[in-house]
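Student: All chains, full assembly: derive it from the sequences and hints.
Quick note: the sequence shown uses UniProt numbering, first residue 1, plus one each step.
It is worth saying that the hints were derived from the structure and are not from the lab.
Some hints here could point you the wrong way.
[To be verified] Taking lysine to aspartate or glutamate and the DMTMM-like style, the derived pairs with C-alpha atoms no more than 25 Å apart in a straight line are: (1) K182 <-> D18; (2) K224 <-> E190; (3) K224 <-> D18; (4) K224 <-> E67; (5) K182 <-> E232.
[To be verified] Here are the simulated distance ranges between beta carbons: (6) M84 <-> Y47: 28 to 34 Å; (7) R175 <-> P210: 35 to 41 Å; (8) Y45 <-> I4: 34 to 40 Å; (9) N169 <-> A193: 31 to 37 Å; (10) I143 <-> I31: 27 to 33 Å; (11) Y187 <-> L44: 41 to 47 Å; (12) S179 <-> P14: 23 to 29 Å; (13) Q42 <-> Q89: 30 to 36 Å; (14) L213 <-> I143: 31 to 37 Å; (15) G150 <-> F13: 34 to 40 Å.
The beta-carbon is built from N, C-alpha and C at its ideal position, and this holds for glycine as well.
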Amino acid sequence: LGGITIVQAYLYFPHPTDRMSVQILAASMLILDIASSVLVAQSLYYYLAKQVPYFGSIEPLQQITPELSVECMISTVLTFIAQMYFVYQIYSVKGKTNFLATFTLTRYATITNFALPGCVITMFVFSHGVLADRNGTFAVSSILFGIAKGLGAITDIMATIAMCAFLSNAKTGIRQTDSLVKSLIQYVIERGAVVTLIQTLVLITFFAAPDHLYWFAFHMNVTKLYANTFCEYI
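Tutor: This is the structure:
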């Protein structure tokens, strides 16, 4: 997925037609996505390679690496940028007449991405115990994580429904225009379905398997999917 983002950026940047602010956002998404991949790779190296001398012991696997904590923060920023850009597109379609919908989506996105920093701070401060005692001392951080992911999924669902509704009203009766609108609706639905599915899987695996890191595999893909869909949308 990281490679797809790079290819999308390679195709976009030589001949960009968007405003400078959008180009800066696109560059930021690319940089954050690459940084996320590097930090995840470093964390996997720590867990899989550097812990060989401790083979058979699960103690080293109960702590969070600093790189993983930073990656979670990067994921929060990247997700917030992608969601807010999508909300901005909804506002652009309907303008001030749809202020209530855009305000609601913005509120959900903001709450979602301000709950996650609480988890990140906990991971930094208590890196040696947060995985081992997730349902005990650090239950609050788990609740914040659940709230953030749950609201994130709700935000994506609401944004998808809103955009599809607005695009449906944009049909003009002209065949070519309606075909383009239909393609846009299909893309919006596919984008919303995939991102919401992964967000939901993160939430389910996080609470269903508290003693395992199954959720992290989906978490890594959430970051990539937001970057991919953002680059594809522009």
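Student: Now tell me if each hint is right for this structure.
Tutor: Hint check results:
Taken as a hint, the K182 and D18 pair is honoured in the structure, with Cα atoms around 23 Å apart against an allowance of 25 Å. Under the criterion of a C-alpha separation no larger than 25 Å, the hint pairing K224 with E190 is consistent with the structure, at around 15 Å. Proposed proximity of K224 and D18 is supported: the alpha carbons are some 22 Å apart, at most 25 Å. At roughly 17 Å between alpha-carbon atoms, K224 and E67 fall within 25 Å of each other, so this suggested pair holds.
Using a Cα cut-off of 25 Å, the hinted pair K182 and E232 holds, with the two alpha carbons roughly 17 Å apart. For M84 and Y47, the Cβ-Cβ distance of about 33 Å falls inside the hinted range of 28 to 34 Å, so the restraint holds. For R175 paired with P210, a C-beta distance near 54 Å fails the hint of 35 to 41 Å. Between Y45 and I4 the C-beta distance comes to about 23 Å, which lies outside the given range of 34 to 40 Å.
A C-beta distance of roughly 21 Å is found between N169 and A193, which places it outside the suggested range of 31 to 37 Å. One distance hint, 27 to 33 Å for the beta-carbon pair I143 and I31, holds here, with the actual separation near 31 Å. Roughly 32 Å separates the CB atoms of Y187 and L44, a value that falls outside the hinted 41 to 47 Å. Checked against the given bound of 23 to 29 Å, the beta carbons of S179 and P14, roughly 28 Å apart, stay inside it.
Look at Q42 against Q89: about 34 Å separates their beta carbons, and that is inside 30 to 36 Å. The given range of 31 to 37 Å is broken by L213 and I143, whose C-beta atoms sit roughly 19 Å from each other. The beta-carbon spacing between G150 and F13, approximately 35 Å, falls within the hinted interval of 34 to 40 Å.
In summary, the numbered hints that this structure violates are 7, 8, 9, 11, 14.
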